[in-house]
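Produce the entire structure from the sequences given, and follow the hints as far as they go.
Protein chains: 2
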Amino acid sequence: MKADETRRKIVIAADQLFYEQGFEKASFADIARVVEISRGNFYYHFKTKDDVLAAVIEHRLDERKAMLRHWEQQEDNPANRIKSFINILIANQTKIMAFGCPVGTLCSELAKLDHALKPEAAGLFTLFAEWLEEQFVELGHSGQASDLAMHLLMRSQGVASLANTFQDGDFVRREVEAMYQWLDNQLSTHRPN
Amino acid sequence: MKADETRRKIVIAADQLFYEQGFEKASFADIARVVEISRGNFYYHFKTKDDVLAAVIEHRLDERKAMLRHWEQQEDNPANRIKSFINILIANQTKIMAFGCPVGTLCSELAKLDHALKPEAAGLFTLFAEWLEEQFVELGHSGQASDLAMHLLMRSQGVASLANTFQDGDFVRREVEAMYQWLDNQLSTHRPN
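So the protein sequences, as listed, match chains A and B. Residue numbers for the first sequence, in this note's numbering: 257 to 449. Residue numbers for the second sequence, in this note's numbering: 257 to 449.
Accuracy of the hints is not assured; some may be wrong.
Some chain A residues near chain B, calculated using beta-carbon distances under 10 Å [said to hold, decoys possible]: (1) THR361; (2) ASP370; (3) THR382; (4) SER412; (5) GLN413; (6) SER417; (7) ASP424.
Simulated from the structure, these hints should not be mistaken for lab results. Glycine included, every Cβ here is placed at the ideal spot set by N, Cα and C.
Now the structure itself:
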């Protein structure tokens, strides 16, 4: 394996382990075991677990940015783009039920650890918040676009949290429908409810 | 210190450490240091950290049940009781901003650890869900009481999650107002939105 290919494999393995087990629980040894490299090779790329975390956050940002660009290219209508965001709860339902929202659970864990990379992880939320805000601006909600974006992000987080605890697919579908309905109400009334 | 007094102090210290640092991070040694007891005295009460966790969950359940009973005694009107629930986000805002929701973050962490006490921790959510459901039944929403309860619990979780990440008091106040408004809409229309 070439060096940058190895680095990439470490980041992808760490991304998955941090998501599925939590950052604190997943160890250097766990990650090295998945990638099947020696500790020496690992240390060549990353000196500390915090270095790995920084690379994982950067990787997640890149992936999310690519996803948002893809939605923009697929859909001219900002309302449909917002529906793509809401639909993450259905598309990723199995993983969310097992491990929660990857962004929300990482931010929550880093807050408790009072970790230096808290602001970087929060940047993942900010990416979605600002993108949603842009869509609401395009829909003519300039004055309230930021509040509407945060409201939708809040609902998405709440659904992910309870889906993780209760594993209830009916609850997820019901709340996704309610979010679509809420969005339609915004489009027709220009008032948040 | 008498034995049961020591046990109680251990549980209260562990409750706080599990909340503020996370269950995985907080160690036996950390808890013993707070309570100022020897490891030997600690082991007399609890053999494993999982035993401590079981006692912490039981303690949290007792505390929440006492709080719900208190709200019931203070308020005859189920709508005002529900408002007491919503108002947790304001009353505990400082702690929620620092460490998230104690119930949601514990359930999320135990899901990632695939911990045997996941169902016990989920019981904390169930306690609130069933209590809220009872209030909606009293308000005449028998058919949808369970869905309305889960919707409100979802919003409370979502607000706690983003409050923890963004530390934005305006966002919390705005969403609490929106939850009051949502509740008023339920009371007047008998339809969820």
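inquiry  = Hint by hint, where does the structure go against what was stated? Just the numbers, ascending.
reply    = none
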